[in-house]
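Protein chains: 2
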Amino acid sequence: MSDRIILNEVGLRDGLQNQATIVSTEDKLKLLELLEQAGLTHLEIASFVHPKVVPQMADAEAVVSGVDLSSRRYSGLIPNLRGYERAKLTGLREFGLIMSASSTFSERNVKMSLDQARATCDEVVDAIKADGGHSRVYISCACACPYEGKIDEDFVVGLAADILEKGANEVSISDTIGAGTPLQIANLTAPLIQQYGAERVNLHVHDTRGQALGMVWSAYLQGVRNFDASIGGLGGCPFAPGASGNVATEDLVYMFNQSGITTGVDFEALERAVAFAEAVTGSVLGGKSMQWLRRKST
Amino acid sequence: MSDRIILNEVGLRDGLQNQATIVSTEDKLKLLELLEQAGLTHLEIASFVHPKVVPQMADAEAVVSGVDLSSRRYSGLIPNLRGYERAKLTGLREFGLIMSASSTFSERNVKMSLDQARATCDEVVDAIKADGGHSRVYISCACACPYEGKIDEDFVVGLAADILEKGANEVSISDTIGAGTPLQIANLTAPLIQQYGAERVNLHVHDTRGQALGMVWSAYLQGVRNFDASIGGLGGCPFAPGASGNVATEDLVYMFNQSGITTGVDFEALERAVAFAEAVTGSVLGGKSMQWLRRKST
Chain P
2 MSDRIILNEV GLRDGLQNQA TIVSTEDKLK LLELLEQAGL THLEIASFVH
52 PKVVPQMADA EAVVSGVDLS SRRYSGLIPN LRGYERAKLT GLREFGLIMS
102 ASSTFSERNV KMSLDQARAT CDEVVDAIKA DGGHSRVYIS CACACPYEGK
152 IDEDFVVGLA ADILEKGANE VSISDTIGAG TPLQIANLTA PLIQQYGAER
202 VNLHVHDTRG QALGMVWSAY LQGVRNFDAS IGGLGGCPFA PGASGNVATE
252 DLVYMFNQSG ITTGVDFEAL ERAVAFAEAV TGSVLGGKSM QWLRRKST
Chain H
2 MSDRIILNEV GLRDGLQNQA TIVSTEDKLK LLELLEQAGL THLEIASFVH
52 PKVVPQMADA EAVVSGVDLS SRRYSGLIPN LRGYERAKLT GLREFGLIMS
102 ASSTFSERNV KMSLDQARAT CDEVVDAIKA DGGHSRVYIS CACACPYEGK
152 IDEDFVVGLA ADILEKGANE VSISDTIGAG TPLQIANLTA PLIQQYGAER
202 VNLHVHDTRG QALGMVWSAY LQGVRNFDAS IGGLGGCPFA PGASGNVATE
252 DLVYMFNQSG ITTGVDFEAL ERAVAFAEAV TGSVLGGKSM QWLRRKST
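These protein sequences, in sequence, are chains P and H. Residue numbers for the first sequence follow the numbering used here, so the first one is 2 and each next one is one higher. Residue numbers for the second sequence follow the numbering used here, so the first one is 2 and each next one is one higher.
Any given hint could turn out to be false.
Which copy is meant is left open, so a pair is good if it fits within one copy or across any two.
[As the list claims (entries may be wrong)] Calculated pairs, BS3-like style, for lysine-lysine (alpha carbon to alpha carbon, straight line, at most 27 Å):
#: 1; residue 1: K53; residue 2: K89
#: 2; residue 1: K151; residue 2: K297
#: 3; residue 1: K112; residue 2: K297
#: 4; residue 1: K53; residue 2: K167
Hints in this document: simulated from the structure, not taken from any laboratory.
So here's chain P without its partners, still in its complex pose (with noise of 0.2 Å):
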C-alpha cells in the first residue's frame, strides 16, 4: 500500500458555496492558484447544481474554462444526470455525486426517498461511465444525521459497497455533520479498504466538534490515503467561524508532513492561500496548525 496521501481540495466548491459572500469568478481562480502553487493537485472546483439552489456557485463554466484541464485533476459536483450533461460540456472528467445513508435527510434535502436518490445516483454513474470519467460518490450523513441520529455502521457501509460494485469509481465516508468519532470512522472505512482497496476510498469529514483530525489519522491506520479537506476550514457557517467546516487542509498536511507521510503540499506555502480566501470571504479561516504559524511568524 502506498503511504502517500492525495488530498482532495474542495474549498473552492464546499467551501465557497457555504458562505454568505459570493466569490468572484477571477477570485475563485486566484485562490486556485495558490493552491497549487502550495503543491495541491487534486482540487473540487464548481458544482452544477441549479444557481437559483446554489447561487455561490453560478459561475461553474466560467470557473472550470478559466484553469488548464490536463494540468492537475480537476473535479465538479453534479446532483443529477441534467447537472452532468452541463458539467461534460465543459471537458471536466471527475465527478462528484451526493448519495445521503439517511431517508430522512435525502427527502428533506433533495426531496427523494432513499431509493429514488439510489436510482438516480446508479444513472449518473452509468452515464460517467459511458463516457470513460471518473465518478465519486459521497455517502453524506455517514456517521450521524440531524434527524435520525447515529446512522447504522453495517447499512452504510453495505451502501458503499453496493455503490462500488455497480460501478462507482471511489466512494467518500462523509461525516457532513462532524458528528463521528475515530472509533466510528475505523468500523466504516476498514471493510470497504480490504474488499476494494484504498484507490477506491476517500473520506470526508468536517470538525464541527473537533473530532476530525482524530477520524483523519483512524481512517489512516486503515489505510484510507484519499481524503477531502478544505482550506483554512473554510465552509462553516459564515456566522461561527472556523466552527463547522471542514477539516482545515493545513491542519492534515500539517500532520502528514511531521510524520514523514508525503503529501507533496508545502504547510508553509498554503498561508497565502488562507489569507487570500479570508480576504474574498470576509471570513475569518484558518485551522489550529495556521493560528500557530502566524502566531510564530509574527
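Please build the complex by placing chain H on the supplied structure of chain P, with the hints as guidance.
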C-alpha cells in the same frame, strides 16, 4: 486491559496558571464543584511553585483545605523538595513533578541541566515514596522543544523508563507545546505501555496545532488510558483564546463517550463548568464540541 478512561482535569492548575486574571480561591472551589458534578474524579488543583513565580497559584494551601481530600483523587504540582514539604502539610497525597526532555529548555526554564533536574526529580520521588504518596513525573517537551526542535524519541522513552524504574508511580508524556503528531505519540507511548502497563503512563497534550485529539486517539490505540485535559481548553495564551491551551476536557469526553468508551463524565454537564470558567477568567473558552453544544442549545 480496562477500557475505562481516567481523565485528570488540570484546568485548575495548568489552565488557570496561564491566565492573566487571578481567580479567587472561592471561585476555584466553585469551578471544582461543577467539574466534580460532571463526574470528574481526578483533579490537579494547585501548584506549590513559589507564589512570586506563579501568583495565580499563591492560594494553593487554601484551595486544598477547601476540599474533602478523601472524596476524589486530588493532586498538586511541586517543583522541588521545598515545594513537596509545603504540599505535604496540606494533606495531599498525589504529586506532579516536571522534568524536561530538552536540556536547553531545562536550562532556560528551571536553570538546571538535565542531570541536575533529574537529581532533583529522583530526590522528590524518593521522598514521596517514603511517605507512601503517589508521584507522576511529567516529561515536558516530549515531542519537541521551542529551542531544540524535535526531541529524539528513543531518548524520551529511555528517560521515561528510567524514571519509572527509579520508583515514580507514573510518567506523563507531555507535548507541552502541542508540536507532536499521532504517529510520534504512538512511538513514545507504545513501548512504555508494553513494558510498564497502562496504570503507569499518562498523556498530556496541548492543541496548539490542532493535533491534540488525533494524538489522544493514537495513544488510546496503544493502550494509554490516563489522559490530562483542561476544561474549555483553558491554559492557552489569554490573547489567543483556545489557540494553544491544553486539549479541552469536553472534546475528549465527547470522543470517548460517543465511542462507547467509559469516561464517567457527563458531556452536557461540562457546559456549566465551561461557562463558569469563562466568567471568572474573562476568556472565551470551549473546545469545538462545546461550541457545537452551545449552538445546538440556542
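A quick look at each hint next to the structure:
In this assembly of identical chains, K53 and K89 lie within 27 Å of each other by CA distance solely inside one copy; the values are 20 Å within and 70 Å between copies. In this assembly of identical chains, K151 and K297 lie within 27 Å of each other by CA distance solely across copies; the values are 16 Å between and 40 Å within a copy. Taking the shortest Cα distances, K112 and K297 sit within 27 Å of each other only across copies (25 Å), while inside one copy they are farther apart (48 Å). For the homomeric pair K53 and K167, neither the shortest alpha-carbon distance inside one copy (32 Å) nor that between copies (70 Å) is at most 27 Å.
Hint 4 from the earlier list is the only one contradicted by this structure; the remaining hints agree with it.
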